[in-house]
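Q: Straight run, no breaks: the sequence shown in UniProt numbering ends on number 85.
Since the hints were derived computationally from the structure, they do not count as laboratory data. Treat the hints with caution; some may be incorrect.
DEER-style ranges, computed between Cβ atoms [claimed, not checked]: (1) E30 - Q63: 27 to 33 angstroms; (2) R79 - P12: 41 to 47 angstroms; (3) Q17 - E47: 20 to 26 angstroms.
Beta carbons: idealized from backbone N, C-alpha and C, even for Gly.
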Amino acid sequence: MISVGDAGKRLPALLEQVNAAHEPVRITSEVGDAVLMSAQDYDSWQETVYLLRAPENARLLMQAVHRDKVRRVAPGTLRSYDQRG
Numbered sequence: 001m002i003s004v005g006d007a008g009k010r011l012p013a014l015l016e017q018v019n020a021a022h023e024p025v026r027i028t029s030e031v032g033d034a035v036l037m038s039a040q041d042y043d044s045w046q047e048t049v050y051l052l053r054a055p056e057n058a059r060l061l062m063q064a065v066h067r068d069k070v071r072r073v074a075p076g077t078l079r080s081y082d083q084r085g
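Required output: the full structure, derived from the provided sequences and hints.
A: Shown next as structure tokens:
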């Protein structure tokens with residue numbers, strides 16, 4: 001967390017930080033708090049929200065996430081994959 005006054009003084013550094021680390025920064029003020037995040041992270045977040053709005057999409061995405069967690073695929077190259085298949 002950072003105050004709005006400090007955020008204003010450090011804005012260029014904060015922009016660099018949120019873009020490099022992909023971690024949002026909460027900015028506090030007397031009129032309410034806000035969050036500074038990279039545009040890339042915001043766009044990804046918006047896309048996820050959009051996809052999860054439809055119940056069927058949400059169900060399919062959650063199944064895919066679960067399947068990915070259960071079946072850990074060993075890293076390899078396309079060539080090694082072709083040789084296995």
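Q: Each hint: holds or not?
A: Evaluated hints:
Between E30 and Q63 the C-beta distance comes to about 45 angstroms, which lies outside the given range of 27 to 33 angstroms. A beta carbon spacing of about 44 angstroms between R79 and P12 agrees with the range 41 to 47 angstroms that was offered as a hint. The hinted window of 20 to 26 angstroms between Q17 and E47 holds, with their beta carbons roughly 23 angstroms apart.
Taken one by one, the earlier hints fail for this structure only at number 1.
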